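> If you want the building blocks of each chain, they are given just below.
2 protein chains.
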Amino acid sequence: MSVPLPTIDQIRDAAARIAPHAIVTPVLRNAELDALAGAQLYFKCENLQRGGAFKFRGACNAVWSLSDEEAARGVVTHSSGNHGNALAMAAATRGIAAHVVVPEGAVRAKLEAIEKAGAILHRCAPTIAAREAKAAEVQQATGATLVHPYADTRVMAGQGSLVAELLAQSQGLDAIMTPVGGGGLSAGCSIAAHGLDPSIAMYGAEPAGADDAVQSLARGARIDHFTPDTVCDGLRTLIGEPNFHALREHQVEIITVSDEESIQAMRLLWQTLKLVVEVSSATVLAAVLKQRDRFAGRRVGLVLTGGNVDIDALPW
Amino acid sequence: MSVPLPTIDQIRDAAARIAPHAIVTPVLRNAELDALAGAQLYFKCENLQRGGAFKFRGACNAVWSLSDEEAARGVVTHSSGNHGNALAMAAATRGIAAHVVVPEGAVRAKLEAIEKAGAILHRCAPTIAAREAKAAEVQQATGATLVHPYADTRVMAGQGSLVAELLAQSQGLDAIMTPVGGGGLSAGCSIAAHGLDPSIAMYGAEPAGADDAVQSLARGARIDHFTPDTVCDGLRTLIGEPNFHALREHQVEIITVSDEESIQAMRLLWQTLKLVVEVSSATVLAAVLKQRDRFAGRRVGLVLTGGNVDIDALPW
Numbered sequence: 001m002s003v004p005l006p007t008i009d010q011i012r013d014a015a016a017r018i019a020p021h022a023i024v025t026p027v028l029r030n031a032e033l034d035a036l037a038g039a040q041l042y043f044k045c046e047n048l049q050r051g052g053a054f055k056f057r058g059a060c061n062a063v064w065s066l067s068d069e070e071a072a073r074g075v076v077t078h079s080s081g082n083h084g085n086a087l088a089m090a091a092a093t094r095g096i097a098a099h100v101v102v103p104e105g106a107v108r109a110k111l112e113a114i115e116k117a118g119a120i121l122h123r124c125a126p127t128i129a130a131r132e133a134k135a136a137e138v139q140q141a142t143g144a145t146l147v148h149p150y151a152d153t154r155v156m157a158g159q160g161s162l163v164a165e166l167l168a169q170s171q172g173l174d175a176i177m178t179p180v181g182g183g184g185l186s187a188g189c190s191i192a193a194h195g196l197d198p199s200i201a202m203y204g205a206e207p208a209g210a211d212d213a214v215q216s217l218a219r220g221a222r223i224d225h226f227t228p229d230t231v232c233d234g235l236r237t238l239i240g241e242p243n244f245h246a247l248r249e250h251q252v253e254i255i256t257v258s259d260e261e262s263i264q265a266m267r268l269l270w271q272t273l274k275l276v277v278e279v280s281s282a283t284v285l286a287a288v289l290k291q292r293d294r295f296a297g298r299r300v301g302l303v304l305t306g307g308n309v310d311i312d313a314l315p316w
Numbered sequence: 001m002s003v004p005l006p007t008i009d010q011i012r013d014a015a016a017r018i019a020p021h022a023i024v025t026p027v028l029r030n031a032e033l034d035a036l037a038g039a040q041l042y043f044k045c046e047n048l049q050r051g052g053a054f055k056f057r058g059a060c061n062a063v064w065s066l067s068d069e070e071a072a073r074g075v076v077t078h079s080s081g082n083h084g085n086a087l088a089m090a091a092a093t094r095g096i097a098a099h100v101v102v103p104e105g106a107v108r109a110k111l112e113a114i115e116k117a118g119a120i121l122h123r124c125a126p127t128i129a130a131r132e133a134k135a136a137e138v139q140q141a142t143g144a145t146l147v148h149p150y151a152d153t154r155v156m157a158g159q160g161s162l163v164a165e166l167l168a169q170s171q172g173l174d175a176i177m178t179p180v181g182g183g184g185l186s187a188g189c190s191i192a193a194h195g196l197d198p199s200i201a202m203y204g205a206e207p208a209g210a211d212d213a214v215q216s217l218a219r220g221a222r223i224d225h226f227t228p229d230t231v232c233d234g235l236r237t238l239i240g241e242p243n244f245h246a247l248r249e250h251q252v253e254i255i256t257v258s259d260e261e262s263i264q265a266m267r268l269l270w271q272t273l274k275l276v277v278e279v280s281s282a283t284v285l286a287a288v289l290k291q292r293d294r295f296a297g298r299r300v301g302l303v304l305t306g307g308n309v310d311i312d313a314l315p316w
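First to last, the sequence lines map onto chains A and B. Going by the UniProt record's numbering, 127 is the number at position 127 of the first sequence; the sequence numbering is gapless. Going by the UniProt record's numbering, 177 is the number at position 177 of the second sequence; the sequence numbering is gapless.
Bound conformation, chain A alone (with noise of 0.2 Å):
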C-alpha cells in the first residue's frame, strides 16, 4: 500500500484546515422515516456542502496541505465528476491552478460547471490508461501536484472530517453508513468514527451492480478488474487499494442494494426529507429499509453525499 491512510489526528488537522471554507451541514431527523426504518436516522446533508456533494471536504484539504511553493505550480487531477468540481472549487479558494482531465463524451453540463469554477481542462480518450496518462503529462508540464479522487491521504482525511461534525450535532450514534465506490469516505469516516468512540459499527452501502468492494472484502484481495453497472453514477469506480485495507481494518459491513431500491429511496428522500439527493446517495436510506431488524431501535447516521442531479432526467 503505497499511500498511507490518514490518523485521527489528520484528521483533526482536516477539519480545522477546511473550516474557512465548507459548510457545516444540517443533520436532519424525519418522524415519517424513523417510524418506516423503525430506527433513530441521522441524515447528515452533504447535499448541501459546496458544489452539492462532500467531495469539497477532500479536495479542500488537498489545496491547503500543499506548501506555498507547491500549491503555485497548482493542483491536476482526473475526474468529469463531482471530484473535478469539487478541486476546482477547492482551488479557487487558494486562487491556484486547477487542472481536470476528463474524457471524451462526458457529460457536457458537468464540464462546463468543472470550467465555470475556474478549471482548466484537458481532453483524452475515455479509457483509465489514457486519463492516467494524460495527468501526467500535465503534471511534467506544470509541476502541478496529483490529487487523485480518493487514494489519497489527505482526500481521505479531509472526507473523515465530517464524521466529527455528525457525532456532534447527533449527541452519538451507534451506527455510520456511507455509500461505497472508490472508497475515500468510506475509510475516512470509519478512521473518524473509530478515533472518536471505537464502538461505533460502521456500515457501507453499495449497488449490487457495483459490488466490487464486496467481493473484495469476502476474498480478502482487492478485485482490480470488473465492469460496473448500476444506476448510481457516483459508485461505478472500484475501490482504490488504501482504501480496501482501511474497510478490512474497520470492519465495515457492506449490504448491497439493487438500483430498484435506491431508486425508490432517492424518491422517499426527495418527497419526505424535502431534498435533492443524488441516487448514489440514496443507497444508504434503501440499504436501512432493505435490512431493518439489523437496524431496529438503533441510532444510525446516514451521509446524503450528493445532490448534483439532472432534475430533468430523474431515473423514476
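Among these hints, one or two may not hold up.
Stated by the list, open to error - Derived lysine-lysine pairs resembling DSS-like cross-links, with alpha carbons at most 30 Å apart:
1) Lys110(B) <-> Lys134(B)
2) Lys134(A) <-> Lys116(A)
3) Lys290(A) <-> Lys134(B)
4) Lys116(B) <-> Lys134(B)
5) Lys290(B) <-> Lys290(A)
6) Lys290(B) <-> Lys116(A)
7) Lys110(A) <-> Lys134(A)
8) Lys110(A) <-> Lys290(B)
What the hints assert, rightly or not - If you want the ones that stay clear, here's a sample from chain B, every Cβ over 12 Å from chain A, calculated:
9) Asp9
10) Cys124
11) Thr272
It should be emphasised that the hints constitute simulated quantities derived from the structure, not laboratory data. Quick caveat: nothing in here was measured; it's all calculated off a predicted structure. We put the CB at the ideal spot given by N, CA and C, even for glycine.
The hints should help you fit chain B onto chain A, whose structure is shown.
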C-alpha cells in the same frame, strides 16, 4: 378587526410553546445565488419543518395554547392544504382530535396525508360558504375550537417564531421577504422582526395572478372579491382582515412576480440549493432577482415556506 394581531411577547411565548415539537430549521447560504442576486441571501428552510411547511408552527401554537378542557374537545379547521395537515400533526402531539373540513374534489394525496396524520375528515361542497358552514356544524357538534389558517392570533404568533430563529442564525439582516397568501406568515414575521429590530425592511412576494394584497394596499382597503389565477397553489387565498392591517402597519412592500418567474426560481432552488421547494416558496427568490437593484449589497432573509410538491408533476 375582530381578530387581534399578536404582540412580540405572544410571539416569544409561541416560540417557547412549540419548541418541544417544532424543528429549528436550518438557514442555508449559497455563493452562486448570492452572485446572481448581488446580495447576501439567507434562506430559512421551512420546507424542512415538520409536515414540510411553516404551517406547523402556527397550528402547534394554537393547539398548545388551549386549556386542558378546550383541548379535550379537539380542534377544527377548513383547509385541504398544508394547514389542514399541520393541524392534524399538531393535534397528534397533544393527543387530541383534529377535524378537517375538505371540499369535494380536493387532491386525494393531500387528503390521505391529512388522514394519515390522524385527522377526521369532513367533506363539503367546494365553496367558501359550504366550508364555513360545515366547520360551524362540526364546532357545534363537538365543541372543537376553530383554528383558522391565517386570520388567527395564535397562528400568526406561531408563524412569527421563525423570525427570531432566522435573525439569530444570520447575525442580523437588512430585509426579510416572505410569500404572501392569506398573510398569516407575513403578519407574524413583520411583528416579530420589528419587535426585535425596527430597522428591518419587510417585503412580500405575490403572484401577479393573485395580487389582491398589492391591490388592497394600493387602494387602502382590503379586496374581498377576487378570483386568483396562478400556479402557486399555496397563495391562492385572499389576504385576511387582520393580516391586511398588519401589512399596512409594518409597511410591508409587495413585489409581484409572474408564474414563469416563480417556476424558473423554483428550478434554480432545486438545482443550486438542492432543496425540494414548492413553487409558492420560490416567489421570494423570483422577487429578489427581478428587483436586483433594490436588494443589491443587502443581507436579505428569504423564507422558503414549504416543500410539499407532487414530484411526478413538476411545472417545468
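> Each hint: holds or not?
Hints, verified against the model:
Our distance criterion of 30 Å between C-alpha atoms is met by lysine 110(B) and lysine 134(B), whose separation comes to about 19 Å. With a C-alpha separation of about 21 Å, the suggested pairing of lysine 134(A) with lysine 116(A) holds against the 30 Å cut-off. Between lysine 290(A) and lysine 134(B) the CA atoms are separated by roughly 45 Å; this puts the pair beyond 30 Å, and the hint is violated. Of the supplied pair hints, the one linking lysine 116(B) and lysine 134(B) holds, its CA atoms being roughly 21 Å apart against a limit of 30 Å.
With a C-alpha separation of about 46 Å, the suggested pairing of lysine 290(B) with lysine 290(A) is violated against the 30 Å cut-off. The straight-line distance between the Cα atoms of lysine 290(B) and lysine 116(A) is roughly 24 Å, inside the 30 Å bound, and the hint therefore holds. Straight-line distance between C-alpha atoms of lysine 110(A) and lysine 134(A) comes to about 19 Å, which keeps the hinted pair within the 30 Å bound. The hinted pair formed by lysine 110(A) and lysine 290(B) meets the criterion: a straight-line CA distance of about 28 Å does not exceed 30 Å.
Every CB of chain A is more than 12 Å from the CB of aspartate 9(B) (nearest about 30 Å), matching its label as outside the interface. No Cβ of chain A comes within 12 Å of the Cβ of cysteine 124(B); the nearest lies about 28 Å off, and the non-interface call holds. Here threonine 272(B) does not stay apart from chain A, with its beta-carbon only about 8 Å from theirs, under the 12 Å limit.
Comparing the model with each numbered hint stated earlier shows that hints 3, 5, 11 do not hold.
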